[in-house]
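Trainee: This is what each chain is made of:
Protein chains: 4
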Amino acid sequence: MSLYDALFRCTALDTVFSDGSTLQRMLDFEGALARAEAAVGVIPAGSANIISSRCRVDDFDSAGLVQHAANAGNIAIPLIKKLTETVASESKDAARFVHWGATSQDVLDTSAVLQIREAFEFIGRDLDSLIATLASLAERHQSTPIAARTWMQQALPTTFGFIVAGWLDVLLRHRQRLGDIRPRVFALQFGGAVGTLAALGQRGPDVAKALAKELGLSLPSLSWHTHRDRLAEVACFCALLAGTLGKIARDISLQAQTEIAELSEPAEEGRGGSSTLPHKRNPITCAVVLSAALRVPGLASTLLSSMPQEQQRGLGGWHTEWETLPEIIKLTGGSLHHLANMLPGLVVDVDQMRRNLEITNGLIFAEAVSMALADRMGKMPAHLLVEAAAKKSLTEHRHLKDVLLDEPGIRGYLTPADLASLFAAENYLGSAKEFVANVLNEVSSSAAR
Amino acid sequence: MSLYDALFRCTALDTVFSDGSTLQRMLDFEGALARAEAAVGVIPAGSANIISSRCRVDDFDSAGLVQHAANAGNIAIPLIKKLTETVASESKDAARFVHWGATSQDVLDTSAVLQIREAFEFIGRDLDSLIATLASLAERHQSTPIAARTWMQQALPTTFGFIVAGWLDVLLRHRQRLGDIRPRVFALQFGGAVGTLAALGQRGPDVAKALAKELGLSLPSLSWHTHRDRLAEVACFCALLAGTLGKIARDISLQAQTEIAELSEPAEEGRGGSSTLPHKRNPITCAVVLSAALRVPGLASTLLSSMPQEQQRGLGGWHTEWETLPEIIKLTGGSLHHLANMLPGLVVDVDQMRRNLEITNGLIFAEAVSMALADRMGKMPAHLLVEAAAKKSLTEHRHLKDVLLDEPGIRGYLTPADLASLFAAENYLGSAKEFVANVLNEVSSSAAR
Amino acid sequence: MSLYDALFRCTALDTVFSDGSTLQRMLDFEGALARAEAAVGVIPAGSANIISSRCRVDDFDSAGLVQHAANAGNIAIPLIKKLTETVASESKDAARFVHWGATSQDVLDTSAVLQIREAFEFIGRDLDSLIATLASLAERHQSTPIAARTWMQQALPTTFGFIVAGWLDVLLRHRQRLGDIRPRVFALQFGGAVGTLAALGQRGPDVAKALAKELGLSLPSLSWHTHRDRLAEVACFCALLAGTLGKIARDISLQAQTEIAELSEPAEEGRGGSSTLPHKRNPITCAVVLSAALRVPGLASTLLSSMPQEQQRGLGGWHTEWETLPEIIKLTGGSLHHLANMLPGLVVDVDQMRRNLEITNGLIFAEAVSMALADRMGKMPAHLLVEAAAKKSLTEHRHLKDVLLDEPGIRGYLTPADLASLFAAENYLGSAKEFVANVLNEVSSSAAR
Amino acid sequence: MSLYDALFRCTALDTVFSDGSTLQRMLDFEGALARAEAAVGVIPAGSANIISSRCRVDDFDSAGLVQHAANAGNIAIPLIKKLTETVASESKDAARFVHWGATSQDVLDTSAVLQIREAFEFIGRDLDSLIATLASLAERHQSTPIAARTWMQQALPTTFGFIVAGWLDVLLRHRQRLGDIRPRVFALQFGGAVGTLAALGQRGPDVAKALAKELGLSLPSLSWHTHRDRLAEVACFCALLAGTLGKIARDISLQAQTEIAELSEPAEEGRGGSSTLPHKRNPITCAVVLSAALRVPGLASTLLSSMPQEQQRGLGGWHTEWETLPEIIKLTGGSLHHLANMLPGLVVDVDQMRRNLEITNGLIFAEAVSMALADRMGKMPAHLLVEAAAKKSLTEHRHLKDVLLDEPGIRGYLTPADLASLFAAENYLGSAKEFVANVLNEVSSSAAR
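Here the protein sequences come in this chain order: A, B, C and D. Residues in the first sequence are numbered consecutively from -3, following our numbering. Residues in the second sequence are numbered consecutively from -3, following our numbering. Residues in the third sequence are numbered consecutively from -3, following our numbering. Residues in the fourth sequence are numbered consecutively from -3, following our numbering.
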C-alpha cells in the first residue's frame, strides 16, 4: 500500500488489483486453459493436471518477473516462461503444453476481465448500500424544508428529502448501467498470436468454448485484441459514477460551510478536526470524492484516446490500459466506498435548514405570494405589487411579510392569516413529496428485481 | 457553415444542431407545454392555441436574442421574453401563460434531448449502412490471405475478411449500446425553478405527464437539473464509437502506405490527389476519422468533469454542456458519415496482400512449419531445427523454404510437397473463416431483431 | 456569431478567428510570399505585384471554398486554386508564381501564428487591465478583515486585500509566461512539400528569410510541420490562465452565496436578476469563467494528444488543431475579457465580511487566544484551557470570549481588555499587510519593465 | 516497485518519488523550518537541533502513518504528530516547537517542490544525453537519402539527417522551456494556516526568508496555497515533452514496419524478439514512449481542471495533485529515459532507405522532372507532359524514367543524362543540408551557454 492508498482507495479493490492478485488471475487463465484443452483432447489430461496445480502465485518471485517485463514488453511473457520452468521441474512433457496456442494478450486481457468482475462485485455491493442509506434519508426528510439554491443563490423552498431523492434517482440509473454492461465486459479473450487460433489447427473454437466455461465468461464471436470498447466502456461507466458521487459531495460540502451549516460529516475522534481551530469539521470524505470526480474523467479520456489501436496488436495504446483502467476502477470504487461509509453518519441540522430559509427576509417567498395574489387580482397587478414590496424589503432591511402587511393594496385580497400561511415553506413545496415517493417506489421495485 | 464544417461534420447533423433548429426545438417545448397545460386544465385552451401557433422560429431575430443571452445568462430567457411579446401582440391574456410554471433549464434540456433524438436517427442509419458495407466486405474477403501485424510487424497470416469482421463485431456492440441508452436519454426535463413544480401547485405531475406525451418522451421520477448522467452517457457513447471508427481508419491508413499499398481510399477527381506528386492517394477520410478519435475523448472528459453541478442549478458545469455535447455528437456523427460514405469505394488490392506475405522470405510461416514438425519429431527438436533455419534465412537472405529444403534433418518428416503446403497462407489461417461466419450470423440475427 | 458566442467569447477574438480573417491571413501569407520571392529574385517583381494585389478576402466566396475543402483535405488548397484563377484573369504569367515553392501547411500554420499574435495583443491588454483592477482592489482592502476559509470552513481571519493579492500574484506570473512563449510561437512556417524547400532549389533559405521579415516573424532553424510544441504550448498557456481565472470566479461565487453575501457581481438592469426571485443576484460572469476553466483543459489535452504526428505531415493530428486551438484561445480570452469587465463593478460588502467573522461565536479566534496564553502560561496548559473553553462555547452556544471571561484559570494571565483585543480580527492578521505590499511592489516594478 | 514500473518508469525517478523519499522531503522541511526559526530567534537553538536531528525517515513507520492519513485528511498530519512524539521522547520542550507556525500544506507543497527539483536534474541530464545522441545521428546522416512521407504516403526525397534534425530542434526548445519554468517552480511554500503566518506574529517574513535560504528555494511574494499554476506548469512542460517523444517514437515505429524496415530498435537477447516469429523485432521502447504520450495529456488535463481551488485551501482539487503530478513526471521521465537509452543502439538501414525510394517507379521524382522541364519549356507544357507520363507509369507499371525516355516531346529539353540526374534523390534535397547545419549550430551554441 502506498502513501495515499488508504485515503483515496479501499482495501477490497486494492486487493483485487494488487500485483499478487493480478499475477494469480493470469495463472488462473493458464490453469483453466490447460484444463479446457485437456477436456477437448488437445493436450493430455495428465499434463493439464500438472500445469493446473502449478498455477499458484505464491511460488513465483514477482520482483524478478517485473525486471524481465521491461525487456519482454509485457509481464505475461516472463510469467509464462517461469511457469513453464516450474512445470518442467515436474514434467518436461507437461511443460510443452503450458500456454498452448495462446498469446500474451489472451492472458492479460482475460485476467483483467476477471479482475473487473471481482471489482464489480464490490462496487455493486457498495452501490446497493449507498442506495439503501439514501432511500432511508430521503424518506426521513421528505417533509424537511430547506432552501433550494440555483446559481449558488437561494431560490425557493424545497425539501431535503427531495434533494436526496435526486441523488438517489441517478444511482438507480447507474445500477441499471452496471447491469447493461456486464454481459459485454465479462467476455473471454482468446485468439492466439493474431486472433485466428492458428496454432490450434481447427480445434480453436472448441478450446475457446471450454475455456469460457471454465472461467464463467461469455464466448465472443471472435477475439477482440485491438477492439477495446469493452474496457473503455468500463472506464466510461466509472467516470459517470464518479461524476455523480462528486455531485453529491459537492452538495454536502456546500451545505457544510460554516455559514450554512446544514450538514456535516460525522464527528469522530481525529477525523477532520483541528484542536487549534475547534469550530472546524473538515469534510474529508467530500474532498476524497470530489478528487475522484476530478481524476477519473482525464483517465477515462486516456482510455478513449487509446482505442484506435494498430492492426492485430496495439503499439502503445494497449500498454496504456494496463495501469489506467485499474486506477479508474480503484479511484471510483474508493470514492463510492468512502461515501457509502460516511453517509450513514451524516449529521443533518433540520433547525439550521429552517433558519437559513429566513435569511432573505422572506423574499424567498415572493413568488408564492405573487402566485396567490395573481389568482385574486390578476397576474400583472400582483406582480407589480410584490415587486415594489420586495424592493422596499431589500432597501429597508425589513421582512417582506411586514412590508406587505403595511401595504394597503393587499387588503381585500389576502388576510394576515393568508399571508402568514404564504410565508411557510411547507406551503410552497409543489409536488416535492410526490416526486420523492416516485423515487422510493423505484428503489423498492428495482430491489425486487 | 464555418470553414471546417464540410470536412469534419455532415450536413444532416449540422442542421439538427443549427442555431435555427435549436431555437425551434425550444419553441416546440413552449408550444407543447401550453397544449399540455390546456389539456389538463391549467391554462385556457384558447391561450394555448395562440401560444402554440406563435412558436415558429422564423418569426424571431436570432442575432438579437444572442446579444441578450450574454446578460441574461442563457438563451432561453430572451427567447421566452420575445415569445411573450409576440403572443401579447395577439392576446395579452394568452401572454400571461407563456412558459407557465417552467424554468429556463426545462426548455434548454428538453430541447437538447429532442435534438439528440433526431441526431440518433441519423447516427443509427449511418451505423446500419456501415455495418452492411462491412458485412459484405467481410464475406467477400473471408478467404483473402493477408499478413496479420502485431507491434506493427508482420506476425502470421490471417484473412482480410477476419480483419473486417473484427471491425464489424464492435459496431454491432455499438448498435446494442445505442439501444440501451435511448430510454435513459429520451426523458423529459420539467421541474420548474427548483424541481418541485411549485408554481403549478398540485398540478405539476399531471402537466408533466401530458407534456411528456406531447413530446413523445419518457416521464422520469423527478427532474434532473443537476444530475447530468443522461447527457454525459451520450458523450461516452459517442466517444466509444469515435474510438472504434478511429481504429478502422488507423488500420486503413496503415495498409494504405506507399510501401504496403493493400488498401486505398477511392480515387475521385480532386480527391486526395496531387498533380505534382502523382503517386499519392491521400487517405483524406482516414484523417478526418482519426481527428475525431483524437478530439472526442477530450470533449467527453470535459462533460464528465462538469457533472458535479452545484445544488439545484449548476454554476458553470451546466453552461459547459451547451456547446460541448452538440460538438461531440457532430464530430462523431460526421466521422461515421464520412467513413460510411467512403467505405463502399474502398480499393482492395488482393494481389498486393499476397505479395506482402512474401516479404519476410517465408519467415512468417516459421510457426506453421514448427507446429507441423513438432507433431512428427517432438516439440523441442522441431523448434531448434526451425530456429536455426530461420537464422540462416535472415543472415543469408534466402527464403526459409529453400533453406529447409536443403536441411538434411527435415527429411523423413516433411516432403517437399508438405513444405510447399506449409508455406501457403491458406493453410495456416486457423479458424478465421469460422470466426467471420460467427460475426456475419450475428449481423443477420441482429438485423432481424 | 452563433448562439452562445456572446456569452462565452468576446467580439475582438471572434473577429480575429472569424472565417473571413482566417482566409485573409492565408492570403496575407501568399502576398508576402510573392513579395519575398520577388525581393530575392526568385519570381518577377511584376508577378509579385499582381499576386499581392489580389490577396483580398472580399473577392473570394468562402462558402464555395468550404465545399471543396472536404475533398481536398484542407481549406488552403481550394483557396490557392481560386487565387491562382483570380490572378490568371489578369496575368497568366503571374498565375504561375502563386504559392511558388510552398505547401498548404506553410500557409495554414503561418496564418495561424499570425492570428495568435493578434489574439495575444488582446489577451495581453485584458490581462493588464485585470491586473490594474485587482491591484487597486488589493490596496483598497489591505486592512479589510474577512474570514479565511480552508476546506470550505472558516479558519482564521485574513484580509480581503490579501485574498485579492493572491489572485494578482498569479496573474503576474501569467504575464511573464506570455513573454516567455512569444518568441517560440511567433515563428514562420515555411518548408515546402516535405520541409526541404526543394522546389526552390538552393534559394529556399533566402526566400524564408525575406518572408519572415515581410511578416515580422522569427525564422526558425527549419520548418516544424510535424513538431507542434509551439502551438501546444499556446494551448497550455491558455489552460493555465483559464484555470487561474476559474479560481478567482470560484472564490467570488462562494463569497456571493446568499448566506455569505460578501461579494456580488454588479447589479445592472436585466443582468442576472429575476423578478419572481427578487433576492437573487446570479453571478453570471462567474458561471462563464468557471465554464471556461472546465472546457479548456480537455481541449488542451486534445492538442497535447495530437502531438505525435506522423513523419513529414500528420494524419489526423494536424487536422485536430484547426478548430481546437482557436477555440481554446477564444474561450480563454473570452473568460478573461468577461472577468476583466465585470471586476471593476464588483460589489464588496465590508460589513458583511465582519459579521461573518462573528458567526463562530469567537471560535475563529481560539488560536489567537491560545498563542497569547502560551506565551504566559506555557503551551500545553494554554492549549488545554482554550480547548475546554471552546467545547463549552460549542455546546452552550455561548461566545468563546464570554466563556473565557468566566474562566477562573485565565485570571492573572489575561485581563478582560487583553481578551477583547484578542477577539479583534485586526490583531491576528500576521503579515498579511506586508504580503500585500510585496505583490503591489511587484505590480509596479513589472509595469515599469 | 509495482508490476509495470520497470516498463514505464525509471529507477531514478521512482526513487525520487518513492514513499520513503516523499516522507524524507517532508522531514527535511520540518528540520529546515526549525533551523530557520532558530536562526531568526523564534525558537531556541537547542530545540531546533533536537528537531533537526530527528528528521530521519528510517525512524518512522510509513504503513502506520498511511492508516492515519485517511482520517486526518493528509499524510503530513500523522507524520508531524509522530515527529512531535519522537522529539518529545528526547525533550518535551523541543517538541513544542515542531512544525511551529506552519500548516500541513506548507510541508506537502514545499516537499513536492524539492522532489520536482531532484526530478528535473535527471530529466535535464537525460534530455542532454538524448540531444547529444540525436545530434550525432543527424550529422552522420545529413546526406542519407530517404523518402519523406506526408499523409503516410511517400512524397519527395529528404535526408534521414533532416528528419532527425527536426526531432532535435524541438528538444532544444524543451531544454529552453525547462530553463524558463525553473525559477517559477522552485519556490518555497510557507504561509501557515491561511497564508498570513499569523501564528508567527510579525516574524513570519523573517522565518520565510531564512527557510527559503535553508532549502535553496526562491521566496515568493506570498504563499500560493490555492494558486497552483506553478505545479500545473510542470505538468504542461511534461506533457509537451512526452508529446515530442511520442512523435519520435511514432516515426521510428512507422519506419520499423516489416515492409519499410528502415529502422529498428537494437537487437538484444530477450528483447522484443520471438522465437516462433523469428522475423519480428518488436519496437518495445516505441510502445512505452507512445504509451506515455497517450497517458500524460489526460493527467495534465486533470491537473489543469483542478486549478480552481476553493478560497484558502482547496477541497478535492489539491488532493488531486498528490498522486497525479508525480505520475506525470515519472511517466514523462521514464519515457525520456527509455528513449535516450535505446536511441544510441538504433539500427539504421541506409540501403533499405534507398530501396524504398525506388518503390514508386520513379514517381517520387515527378516534381523534380517537372520543375526542371518548366525552366526549359514553360510551366504548363512541362506539367502536362509529366502528368501524362506519370499516368502511363502508373497504369503500365513502368518506371517513370523509362516512360520519359520513350517520350518524343522531351527531346531537345532533357538528355538521358539529365534525366538520370533528375532521378537521383541527392539532386532534389533542396536545402536539407543547410537546415541540418542550422540545428547542429544551435546545439553547439546552446550547449556553450
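Just so you know, the hints here were simulated from the structure itself, not pulled from any lab data. Note that the structure is a prediction, hence the values are computed from the model and not measured. Among the clues, some could well be false.
For chains that are exact copies, the list does not tell them apart, and a pair is met inside one copy or across any two.
[As the list claims (entries may be wrong)] Cross-link-like lysine-lysine pairs, in silico, PhoX-like; alpha carbons within 25 Å at most: (1) Lys387 with Lys397; (2) Lys78 with Lys88; (3) Lys205 with Lys429; (4) Lys388 with Lys375; (5) Lys77 with Lys88; (6) Lys375 with Lys397; (7) Lys88 with Lys375; (8) Lys387 with Lys375; (9) Lys388 with Lys205; (10) Lys429 with Lys375; (11) Lys397 with Lys78; (12) Lys388 with Lys209; (13) Lys397 with Lys209.
Trainee: Now look at each hint and say whether the structure bears it out.
Mentor: Status of each hint after checking the structure:
1. Lys387 with Lys397: within (13 Å within a copy, 38 Å between copies)
2. Lys78 with Lys88: The answer is within: 13 Å in one copy meets 25 Å, while 55 Å across copies does not.
3. Lys205 with Lys429: This pair counts as between: shortest inter-copy Cα distance 17 Å, intra-copy 52 Å.
4. Lys388 with Lys375: Result: close within a single copy only, 20 Å intra versus 53 Å inter.
5. Lys77 with Lys88: Result: close within a single copy only, 13 Å intra versus 58 Å inter.
6. Lys375 with Lys397: For Lys375 and Lys397, only the intra-copy Cα distance (19 Å) is at most 25 Å; the inter-copy one is 52 Å.
7. Lys88 with Lys375: between (93 Å within a copy, 11 Å between copies)
8. Lys387 with Lys375: Classified as within; 18 Å inside a copy, 53 Å across copies.
9. Lys388 with Lys205: Neither: 79 Å inside a copy, 40 Å across copies.
10. Lys429 with Lys375: Result: close neither inside a copy nor across copies, 27 Å intra and 54 Å inter.
11. Lys397 with Lys78: Intra 82 Å, inter 33 Å, cutoff 25 Å: neither.
12. Lys388 with Lys209: neither (76 Å within a copy, 43 Å between copies)
13. Lys397 with Lys209: neither (72 Å within a copy, 40 Å between copies)
Figure legend: structure checked against the earlier numbered hints; hints not met, in rising order: 9, 10, 11, 12 and 13.
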